[in-house]
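Numbers in our numbering are just positions in the sequence shown, counted from 1, shifted up by 14.
Simulated from the structure, these hints should not be mistaken for laboratory data.
Take these hints with a grain of salt, some might be off.
Distance windows between CB atoms, simulated [as the list claims (entries may be wrong)]:
#, residue 1, residue 2, range
1, 142, 63, 30 to 40 angstroms
2, 193, 63, 37 to 47 angstroms
3, 63, 188, 20 to 30 angstroms
4, 249, 41, 36 to 46 angstroms
5, 84, 51, 14 to 24 angstroms
6, 270, 32, 18 to 28 angstroms
7, 69, 138, 25 to 35 angstroms
8, 164, 250, 11 to 21 angstroms
From the three backbone atoms N, C-alpha and C, an ideal C-beta is built for every residue, glycine too.
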Amino acid sequence: MQLSICTISFRHHLVSLENIAEWARCHDFQGIELWGVHARGLETQPQYDAKWIKDMGLSISMLSDYLPIVGDARDAEEKCQHICRLANYWETSKVRTFAGHQASQLVDVKQRKTMTHRLHKICCYAADLGLDVLVETHPGTLADTPNSIIQLLEEVNHPALKLNFDTLHVWEAGEDPVAFHRRVAHCIGHYHLKNVRSRDQLNVFSPDNVYSPVGCRYGMVPLLEGAMDYHRFLPEVLKNDHATASLEWFGNDVKQTLLGDKAALDSVQRHIRMHS
């Protein structure tokens, strides 16, 4: 498995992409998941590009943004074009987005048809540029439950549509991540890995809390120390050398936690290889 760190982990830090990349390289990460906010901010700094990151021995594993599937169609089209252009600039083939910002049970049939049609158009545009569109499994979206995720894949019906399999959020939906992973493995383009101390603290990952510089971080824990059992799930992913994943850490002590999680993953990987 190829492992990335996320620039969003440093969203409230005064640190450059160069510093992040140098640190990632020194600690044997393979890639960086670039937050769209950061990608747009770097447009005025042309010294940072795909060649530069490759010369660092890294790659941009995915560009993570939010492509609107509701609202003004022209604005959405311009946003899609901009993000896809940035993905090409960084030579990543993956654009992460959310399937709207409403829970699937709150979306009526007509609304859902409009949203999935917009998502299909996004996939068509991205595919023409050699890109895949990865919808994240996430509460409060059309990809918030196993049934709605499967329905979404069928409705959009485009080969460029993949899943960003956020393992914790699948577990949050009440599904066994191992069982659901086996159902949709052929549609997965990337993984997000994170954990929580207990199920009743999952709201610590609500976007408003995550993005706030004064948000609560209590409940965010290292990958193998939380309520979701990653020891069961990781063998499903680690056996695939071509799989790509990001440590999506939103808490404090960023570098220390990422290094600890990477060491834990490396240990699990060695154990799997010894017993395979």
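Status of the hints after comparison with the structure:
1. 142 with 63: 30 to 40 angstroms: Because 22 angstroms falls outside the window, the suggested range is violated.
2. 193 with 63: 37 to 47 angstroms: Holds, at about 41 angstroms.
3. 63 with 188: 20 to 30 angstroms: With Cβ atoms ~43 angstroms apart, the hint is violated.
4. 249 with 41: 36 to 46 angstroms: violated (24 angstroms)
5. 84 with 51: 14 to 24 angstroms: holds (20 angstroms)
6. 270 with 32: 18 to 28 angstroms: Given a distance of about 20 angstroms, which is inside 18 to 28 angstroms, the answer is holds.
7. 69 with 138: 25 to 35 angstroms: holds (34 angstroms)
8. 164 with 250: 11 to 21 angstroms: holds (18 angstroms)
Checked against the numbered hints given earlier, the structure breaks hints 1, 3, 4 and satisfies all the rest.
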